[in-house]
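Participant: These are the residues of each chain, in order.
Number of protein chains: 2
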Amino acid sequence: MSIVVLGTVALDSLKTPNGIKKDLLGGSAAHFSMSARHFSSINLSAVVGYDFPLKHISMFKRKYINIDSLLIKKGKTFRWTGEYKVEDLNTAVTLDTTLGVILDTVPIVNEKQKNINNVFLANYDPDIQLAFLNTLNNPNFVGMDTMNLWIHTKKKSVAKVMKKVNLLILNDAEARDFTGEKNILKAAKSLISFGPKIVIIKKGEHGGLLYSKNYLFALPAYPLDEVIDPTGAGDTFAGGVMGYLAKSKKINAKTLIKAVSYGTIFSSFNVQGFGMEKTMNLSLARIHQRMNIFKQFFKF
Amino acid sequence: MSIVVLGTVALDSLKTPNGIKKDLLGGSAAHFSMSARHFSSINLSAVVGYDFPLKHISMFKRKYINIDSLLIKKGKTFRWTGEYKVEDLNTAVTLDTTLGVILDTVPIVNEKQKNINNVFLANYDPDIQLAFLNTLNNPNFVGMDTMNLWIHTKKKSVAKVMKKVNLLILNDAEARDFTGEKNILKAAKSLISFGPKIVIIKKGEHGGLLYSKNYLFALPAYPLDEVIDPTGAGDTFAGGVMGYLAKSKKINAKTLIKAVSYGTIFSSFNVQGFGMEKTMNLSLARIHQRMNIFKQFFKF
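The listed protein sequences correspond, in order, to chains A and B.
Residue numbers for the first sequence follow our numbering, so the first one is 1 and each next one is one higher.
Residue numbers for the second sequence follow our numbering, so the first one is 301 and each next one is one higher.
Do not rely on the hints blindly, as some may be mistaken.
Claimed, not checked - Think about it this way: if two alpha-carbon atoms lie no more than 27 Å apart in a straight line, the pair counts; the simulated BS3-like pairs of lysine-lysine are:
| no. | chain 1 | residue 1 | chain 2 | residue 2 |
| --- | --- | --- | --- | --- |
| 1 | B | 315 | A | 186 |
| 2 | A | 278 | B | 489 |
| 3 | B | 486 | A | 278 |
Calculated directly from the structure, the hints in this document are not laboratory data.
With the hints as extra help, turn the sequences into a complete structure.
Facilitator: Shown next as structure tokens:
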């Protein structure tokens, strides 16, 4: 199955207890694609500047990620500089953001891609998420992510997008911020009332929760004894979930649990290296190897 | 199978966002017994004062919890007063502790109980845990819990007990404090080097992790939309784990996962009411009902 993903393709610079890195390939759409590609054909819609390294373009092509709708514009690529402190490797502190070309460009898709039914609106300005969604012909399974910045500055717009999506994926802090509910399950119930059929709340190293009218699941994270860089873990998770759901074509207890489990496994690899170090060359065999260990946790 | 549990039987007073309660039946051995009794015969070893309400004695008897080794002494029962704040329902703030009779009494067991093989050393002064253990004839499956107070004031004694136990159950903050490792899996690995064959680290609402030379599992907590009072959740969890393991008589992947799952389910009931409100009259049928929902999370 095919998926259209709208999001950012970025250059990330990081300060972490494990080292300092400059201009790593990152961004919500890029991380999403890196896991979703294992299950579905990915059509990436994003915008980068003329400073975007050609090697990344080449990599997307090598990974069969369709970049027909990756706009390459005069100007600077979106750059994010963040820090993770040893006390809390789960939480990024933003040191600098250079919006560059994403400031005045609305990503698009070509005529053929407009017919694709599976859509993921990765973290982006909610007004642009909505405008983008409205250009598609028949988006019948739509997932979305967002972030605190939009919840604080454009909550009404976020709510407008939520009304149109089947699957909302966000983290615990965002769920709490949006709903005002401290309890995660209450927050999930409140989010459902805004429109999405299914809500997944990610809790980083503590796993996640899936809630819908018919389903409730909780899963732990895959236990790791070292986290190198959590940047993109949420997008990588979302890619695993959406990729698997799009491939399996139906939504039921089994496909949802499998989708969330794949998301969990993909993101466990993501955090074990900087940027896409561990996800870029990941084989489905290694994913299944770890998935099999994960499954053993629940054989009772 | 029979279990001897050493621990406290206490009167707890609580201040929570959900209300104020005075002199509720509590204590590590009492909460432990309330879940373990469903699977094993429980022999409670603890000490209370002359002010201990007779209705609780009667209740223990009604629940077939053997209180032959519950010492009733002149003096005051151990009392704990704590507060849970709305910002963090997981963490108790101790407002007052009255040690009373536990200050100068070492709990014992009778000659018959000395032959029981399954022992749980619930949270207690580690020197007393060790002295108690040494009075038993053949303790071949020993579990223990501890708390930050002992890790900070008597770390060497805690380590001495750890050398003699098969199963160590403690929470994430305690694991981090004892080992100095921030990462939970690293902390578990470090704890194993102190002697216990199996380590379970509880993370409250985020579930838990089991680690041993042969096994690694992570489980989420049972998702709840309201937590009333988490006091005793850890002891209730331990009771489910030890009770089930003692009953099943063997340690393998399946029994360990089931044990941890039962612990999870028991503690989910515990936190839904004050003190033992929800665990005292809990039926095995209701436990299995919730267990079946929990199992569905992992059917993939």
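Participant: Among the hints numbered above, which are violated by the structure, and what are their numbers in rising order?
Facilitator: none
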